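Asks: Listed below, chain by chain, are the residues.
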Amino acid sequence: MRREIPIILTIVFLLVRALFELIGPLYDFQITFPDGTKENLFTTISNAVVFMSVVALFMGMWNLTRNHVGNIRRKRENWPYSIWLLVLLYGYAILGIIEGMEGKHFDWIYNGVIVPLDSTTLSLLAFFIASAAYRAFRVRSLEAGLMMVVAFIIMMGNTSLGNAIWSQTSWLGGFKGIRDWLMNVPNAAGFRAINLGLFIGGYVAAVRVALGLERRYLGQD
Amino acid sequence: MHVSTDPQVWIMALCTLAVYSYLYKENPFWRLAEYALVALYTSYSVAYYWHGYLIPRIKTYVIERHQYYYIVFGLLGLLYYCRYLPGKVQWLARYPIAVEVGWGLGAVIAVSPRSPMQQLADSMRPLKNVNDVIFFLLLLTAFMYFFFTVGKKSPVVSVGGKIGRLVLMVALGTAFGNTIQGRISLFLQRLSFLLADWLGIPIG
Amino acid sequence: MSDLLLFLAAEAPKYKWGIFRDVKGCVFGFLVGIALFVLTYIMIQRARAGLKIPEIRHIPGLEAFEEAVGRATEMGRPVHITNYYEYMGDYDTFAFWSYLAHVAKLCAQYDTRIINTNSDYLTMVVNEEIIRQAYLEAGRPDAFNRDDVRFLSDWQFGYTMGVAGIVAREKPAAQFLIGYFYAEALIIAESGNLVGAVQVAATSATAQMPFFVAACDYTLIGEEYYAGAALLSKEPVIYGSVVAEDLMRVAFYALIIAGAILATLKVDALRNAVLF
Amino acid sequence: MEKLENIDPRWVYLVMAILLTIPILKPVGLALGMDEGTKAVYNWVESLKPGDIVFGDVAYAGGSDAELSPQLSAWFYHCMKKGAKVVMVAQWNTGASLGYKVCQAAAEKAKKDGYSAEYGTDWVYVGWKAGGTTTWRQMQVDFWNACAETDHLGNKFSDLPLMQRVKQWTPDMPVMIFSAGSPGVPTYTNYFVGWPLYVGNVAVQAAEIVPLVRSGQVKGNLLGMTGAAQYEVLLWGGGPTVKKMDAQSLGHLWIIVLIVLGNIGYISKLRKKG
Chain A
1 MRREIPIILT IVFLLVRALF ELIGPLYDFQ ITFPDGTKEN LFTTISNAVV FMSVVALFMG
61 MWNLTRNHVG NIRRKRENWP YSIWLLVLLY GYAILGIIEG MEGKHFDWIY NGVIVPLDST
121 TLSLLAFFIA SAAYRAFRVR SLEAGLMMVV AFIIMMGNTS LGNAIWSQTS WLGGFKGIRD
181 WLMNVPNAAG FRAINLGLFI GGYVAAVRVA LGLERRYLGQ D
Chain B
1 MHVSTDPQVW IMALCTLAVY SYLYKENPFW RLAEYALVAL YTSYSVAYYW HGYLIPRIKT
61 YVIERHQYYY IVFGLLGLLY YCRYLPGKVQ WLARYPIAVE VGWGLGAVIA VSPRSPMQQL
121 ADSMRPLKNV NDVIFFLLLL TAFMYFFFTV GKKSPVVSVG GKIGRLVLMV ALGTAFGNTI
181 QGRISLFLQR LSFLLADWLG IPIG
Chain C
1 MSDLLLFLAA EAPKYKWGIF RDVKGCVFGF LVGIALFVLT YIMIQRARAG LKIPEIRHIP
61 GLEAFEEAVG RATEMGRPVH ITNYYEYMGD YDTFAFWSYL AHVAKLCAQY DTRIINTNSD
121 YLTMVVNEEI IRQAYLEAGR PDAFNRDDVR FLSDWQFGYT MGVAGIVARE KPAAQFLIGY
181 FYAEALIIAE SGNLVGAVQV AATSATAQMP FFVAACDYTL IGEEYYAGAA LLSKEPVIYG
241 SVVAEDLMRV AFYALIIAGA ILATLKVDAL RNAVLF
Chain D
1 MEKLENIDPR WVYLVMAILL TIPILKPVGL ALGMDEGTKA VYNWVESLKP GDIVFGDVAY
61 AGGSDAELSP QLSAWFYHCM KKGAKVVMVA QWNTGASLGY KVCQAAAEKA KKDGYSAEYG
121 TDWVYVGWKA GGTTTWRQMQ VDFWNACAET DHLGNKFSDL PLMQRVKQWT PDMPVMIFSA
181 GSPGVPTYTN YFVGWPLYVG NVAVQAAEIV PLVRSGQVKG NLLGMTGAAQ YEVLLWGGGP
241 TVKKMDAQSL GHLWIIVLIV LGNIGYISKL RKKG
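Top line first, the protein sequences correspond to chains A, B, C and D.
When you line the first sequence up against the numbering used here, it's residues 1 to 221, in that order.
When you line the second sequence up against the numbering used here, it's residues 1 to 204, in that order.
When you line the third sequence up against the numbering used here, it's residues 1 to 276, in that order.
When you line the fourth sequence up against the numbering used here, it's residues 1 to 274, in that order.
Keep in mind that a hint or two might mislead.
What follows is a set of in silico ranges between Cβ atoms, one per label pair, in the way DEER data are often shown [unchecked claim]: (1) D/Arg271 with C/Thr264: 49 to 59 Å; (2) D/Trp195 with A/Thr43: 18 to 28 Å; (3) D/Pro186 with B/Thr5: 25 to 35 Å; (4) C/Tyr110 with D/Trp195: 49 to 59 Å; (5) A/Pro80 with D/Lys26: 42 to 52 Å; (6) A/Thr43 with C/Asp22: 12 to 22 Å; (7) D/Lys39 with B/Val156: 20 to 30 Å; (8) C/Ile19 with B/Pro56: 26 to 36 Å.
Once the Cα atoms are required to be at most 25 Å apart in a straight line, the calculated SDA-like pairs of lysine to any residue come out as [to be verified]: (9) C/Lys171 with A/Thr65; (10) C/Lys105 with A/Leu218; (11) D/Lys156 with D/Asn145; (12) D/Lys3 with A/Phe106; (13) C/Lys24 with A/Asp28; (14) C/Lys266 with B/Lys152; (15) B/Lys59 with A/Thr65; (16) B/Lys152 with C/Lys105; (17) D/Lys219 with C/Asp22; (18) C/Lys52 with C/Lys171; (19) B/Lys25 with D/Trp254; (20) A/Lys104 with B/Phe193; (21) C/Lys16 with A/Val149; (22) D/Lys3 with A/Thr65; (23) D/Lys129 with A/Glu39; (24) C/Lys234 with B/Thr149; (25) D/Lys219 with D/Ser47; (26) D/Lys101 with D/Ala17; (27) A/Lys38 with B/Lys152; (28) B/Lys153 with C/Pro236; (29) A/Lys38 with B/Pro126.
Which chain B residues stay away from chain C? Per the calculated CB distances, all over 10 Å, these [claimed, not checked]: (30) Pro7; (31) Tyr68; (32) Lys88; (33) Val108; (34) Thr179.
The hints are simulated quantities; they were obtained by calculation from the structure and are not laboratory data.
Bear in mind that the values here come from a model prediction, so they are computed numbers and not experimental data.
The beta carbon of each residue, even a glycine, is placed where N, CA and C say it ideally should be.
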């Protein structure tokens with residue numbers, strides 16, 4: 001019961017999905033429901049599987065609640081912030097469920113707080129990319145040096161500054177000409193090799209699970 | 001210069017500044033913003049799945065169209081919660097996990113080879129000019145870097161692999177250099193919000 | 001009239017060999033998949049039977065795991081490991097679990113705190129189980145603290161902000177970023193740098209590799225990520241699967257060379273076969 | 001000199017912020033180069049005849065607003081200028097409304113400049129439709145059914161004159177996708193083989209898209225903010241994004257300076273050690 005049924009479930013759903021994706025007539029197979037609506041059988045099953053994981057939608061809230069109630073109870077460091085988190089968590093979830101996604105207050109908070117926090121966090125990258133480049137691009141080794149020179153040429157090729165220094169119309173097409181060559185030849189070759197390798201590696205990782213050599217997802221006892 | 005009087009714009013601006021304060025040091029403003037975003041996004045997705053998925057499915061499919069198999073899958077999904085219940089029921093969560101893993105694996109096994117096959121086919125291009133030949137040679141050396149067992153002692157593979165690693169570094173350098181402009185654009189967007197929308201300074 | 005047009009448009013679907021879907025690379029890809037299954041199975045059987053299989057070359061960065069956990073132990077600071085958002089059925093997740101089990105075991109042996117942050121609440125369930133198991137195997141089940149397996153909102157930047165905050169406050173001495181990452185990769189890695197953590201990254205995300213190479217102390221690039229996962233599990237049978245991968249790689253290699261030569265001679269048969 | 005090897009990152013951040021702010025307030029106006037990909041997209045739109053139908057796809061959300069919205073805006077204006085009819089779809093539900101706002105603003109601008117840009121006759125914003133690639137594939141066969149016969153605003157297709165001509169998405173209707181990731185370009189390379197495909201890229205993707213351009217699957221592509229600025233130069237001789245390119249230049253320059261400083265520090269430390 002504890003191990004056998006899950007293994008059977010895995011194999012059954014693996015086969016169902018794989019066959020649907022491979023076999024044409026199966027993929028195009030339509031079923032008609034008693035009320036007359038027609039649906040692709042594949043769509044029907046995938047909707048049901050998605051539905052299954054959506055039912056678990058409160059798991060995240062549950063984990064956050066458990067951790068932060070613990071923080072407050074044991075008065076761990078920064079515990080007042082945990083109160084702040086819990087108030088917002090429940091307040092906003094209840095607001096959302098009552099008001100709906102298009103609700104006035106719900107939307108106001110989304111646009112006023114979530115959107116700016118989200119896009120500002122993303123924009124931290126403008127700074128972090130500078131500090132990462134500063135630390136990494138040293139002539140420590142041939143590799144680091146090469147990466148540095150390439151990044152330099154690409155940067156110059158991408159900006160009007162680079163064009164002003166060594167213009168596109170001059171010898172070798174300027175920074176832009178070299179940049180284009182780097183993008184089209186070594187870069188394309190490198191990424192293609194990485195992609196093909198990743199496919200083989202990832203596929204074998206999946207095969208290991210399919211053959212039952214990797215069963216961590218089922219737990220041990 | 002007309003500073004905005006809209007309270008929402010002010011909150012947006014304060015949120016923006018709170019995030020940037022992290023660059024100086026982790027501080028209470030950042031912490032407020034951080035806990036707020038973690039909480040709000042979690043609640044947002046609860047509301048999102050609730051109204052966008054759960055309720056419509058139940059209403060249209062189960063109630064109107066009588067497709068009762070949804071109930072079976074729904075009950076299976078409820079087993080996830082067993083993970084957090086006390087007592088000896090925790091292992092029940094394995095059922096939905098197994099379904100999820102199987103379903104994902106099926107897609108990997110059937111679909112994932114397709115795009116690499118197109119890449120593989122494109123690698124077989126006629127060697128008509130210098131660039132094609134260089135591309136071909138660089139691809140072969142870069143590929144050699146990922147040989148883990150074959151030709152471990154062969155000098156060809158070991159030298160080829162070393163050159164291959166350099167090719168990979170060129171590719172990574174290219175990606176790095178290209179990305180910088182995208183990342184700077186992100187900051188410019190926030191900056192024009194702060195300057196134009198909040199402080200009312202005409203820009204450009 | 002419009003009905004007639006519609007009727008003409010909905011012609012009978014085409015299939016390859018009568019049954020396969022009419023998608024580029026569908027059949028050949030399927031055959032490659034079968035070949036990988038067979039190769040993996042044979043190589044693992046050989047390894048199980050104790051027959052000779054080739055040795056695997058050293059992968060730089062793999063020994064860094066023990067070193068980094070050791071350093072955290074000396075400094076009395078925690079270890080942080082994350083894979084951002086990977087849903088359960090993805091092969092990146094399977095590979096991540098090997099790394100997680102390895103790191104958790106090291107931490108349990110050295111008595112070092114391990115923090116795991118998550119953005120997917122379903123994968124988190126399994127992660128928690130793996131860490132608990134590692135503590136059990138190390139004979140210290142009581143030392144496992146489930147509050148250190150944390151969920152931080154399932155949206156990208158809610159998670160990112162949460163991780164950046166945790167890293168800044170808990171100051172981990174070692175940070176492992178393993179799995180598939182998006183734009184948040186560099187934010188997390190640089191937060192780690194700001195607190196002076198030793199960082200090891202292993203990723204299959206091509207777009208994020210340059211940033212990991214730039215920001216982390218050790219990076220496993222491309223396929224090393226999967227091979228590393230196999231090596232860390234330390235079971236001889238798993239070695240077999242790396243050998244299988246290599247054989248398929250040699251086959252690809254031969255295909256590329258043969259295909260390019262044929263294409264230069266204006267023969268497109270091989271190329272078309274691959275796309276079939 | 002060795003101090004240069006370990007500058008406090010906070011200085012790096014502060015100088016970066018200042019350098020990016022100055023040119024936003026006072027642009028210098030450095031001349032831009034021109035990419036082949038940008039020219040290809042421009043020439044394609046230039047070659048359109050009045051009445052030709054083209055598709056646009058919004059496959060991005062707020063995070064890529066800064067890079068892709070200017071591209072979309074310029075391209076859309078150009079189509080209106082040439083009298084082409086545009087049907088917009090959106091693969092990302094999170095960005096569908098954003099894309100609509102951008103198109104609407106561009107249409108207003110085109111109207112102001114005396115071109116015809118009426119909603120319903122010159123362009124339609126179909127927006128996001130659930131179902132992923134399956135739906136997209138169905139659009140080739142029966143566009144109306146796949147989209148449930150309504151556009152982004154809830155209008156019935158039967159009330160929109162342009163849609164009478166788009167019962168099916170045929171290969172003579174090329175597509176320009178503004179893509180920030182997944183789902184995105186693969187939808188078209190896998191399922192729309194034979195449809196001319198043009199791509200507006202975020203910079204991060206630029207390196208990965210090259211193999212597709214090489215193999216001819218992508219006919220032309222715009223690269224991030226640079227691509228948008230170049231398009232504006234071709235179209236209007238200048239524009240809002242062109243002004244931001246000065247800030248880009250300074251930002252890049254600062255990173256280059258940092259790399260040079262770091263190396264000076266590194267080398268002088270090596271010297272000292274002997």
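Asks: With reference to the structure, classify each hint as holding or not holding.
Replies: A quick look at each hint next to the structure:
1. D/Arg271 with C/Thr264: 49 to 59 Å: Given range 49 to 59 Å: holds, Cβ gap about 51 Å.
2. D/Trp195 with A/Thr43: 18 to 28 Å: holds (24 Å)
3. D/Pro186 with B/Thr5: 25 to 35 Å: violated (46 Å)
4. C/Tyr110 with D/Trp195: 49 to 59 Å: Check passed, 58 Å falls within 49 to 59 Å.
5. A/Pro80 with D/Lys26: 42 to 52 Å: holds (45 Å)
6. A/Thr43 with C/Asp22: 12 to 22 Å: Holds, since A/Thr43 and C/Asp22 (Cβ atoms, about 19 Å apart) stay within the stated range.
7. D/Lys39 with B/Val156: 20 to 30 Å: Once the Cβ atoms are compared, 43 Å apart, the range 20 to 30 Å for B/Val156 and D/Lys39 is violated.
8. C/Ile19 with B/Pro56: 26 to 36 Å: holds (35 Å)
9. C/Lys171 with A/Thr65: Status holds; Cα separation ~23 Å.
10. C/Lys105 with A/Leu218: Between C/Lys105 and A/Leu218 the Cα gap is close to 18 Å, so the pair holds against 25 Å.
11. D/Lys156 with D/Asn145: holds (12 Å)
12. D/Lys3 with A/Phe106: violated (51 Å)
13. C/Lys24 with A/Asp28: holds (17 Å)
14. C/Lys266 with B/Lys152: Not satisfied, since the Cα-Cα distance of roughly 35 Å exceeds 25 Å.
15. B/Lys59 with A/Thr65: Violated, because 29 Å separates the two Cα atoms, which is more than 25 Å.
16. B/Lys152 with C/Lys105: Violated, at about 31 Å.
17. D/Lys219 with C/Asp22: holds (24 Å)
18. C/Lys52 with C/Lys171: Cα-Cα ~46 Å, so violated.
19. B/Lys25 with D/Trp254: It holds: about 22 Å lies between the C-alpha atoms, which stays within 25 Å.
20. A/Lys104 with B/Phe193: Holds - the C-alpha atoms of B/Phe193 and A/Lys104 are around 23 Å apart, at most 25 Å.
21. C/Lys16 with A/Val149: violated (48 Å)
22. D/Lys3 with A/Thr65: Between D/Lys3 and A/Thr65 the Cα gap is close to 47 Å, so the pair fails against 25 Å, i.e. violated.
23. D/Lys129 with A/Glu39: With a Cα-Cα distance of about 16 Å, the restraint between D/Lys129 and A/Glu39 holds, given a limit of 25 Å.
24. C/Lys234 with B/Thr149: holds (16 Å)
25. D/Lys219 with D/Ser47: holds (14 Å)
26. D/Lys101 with D/Ala17: violated (29 Å)
27. A/Lys38 with B/Lys152: Between A/Lys38 and B/Lys152 the Cα gap is close to 58 Å, so the pair fails against 25 Å, i.e. violated.
28. B/Lys153 with C/Pro236: holds (21 Å)
29. A/Lys38 with B/Pro126: Given that 25 Å is the threshold and the Cα spacing comes to 48 Å, the pair is violated.
30. Pro7: holds (23 Å)
31. Tyr68: holds (24 Å)
32. Lys88: B/Lys88 is indeed farther than 10 Å from all Cβ atoms of chain C, at 15 Å.
33. Val108: violated (6 Å)
34. Thr179: Per Cβ check, B/Thr179 is inside 10 Å of chain C; nearest 7 Å; violated.
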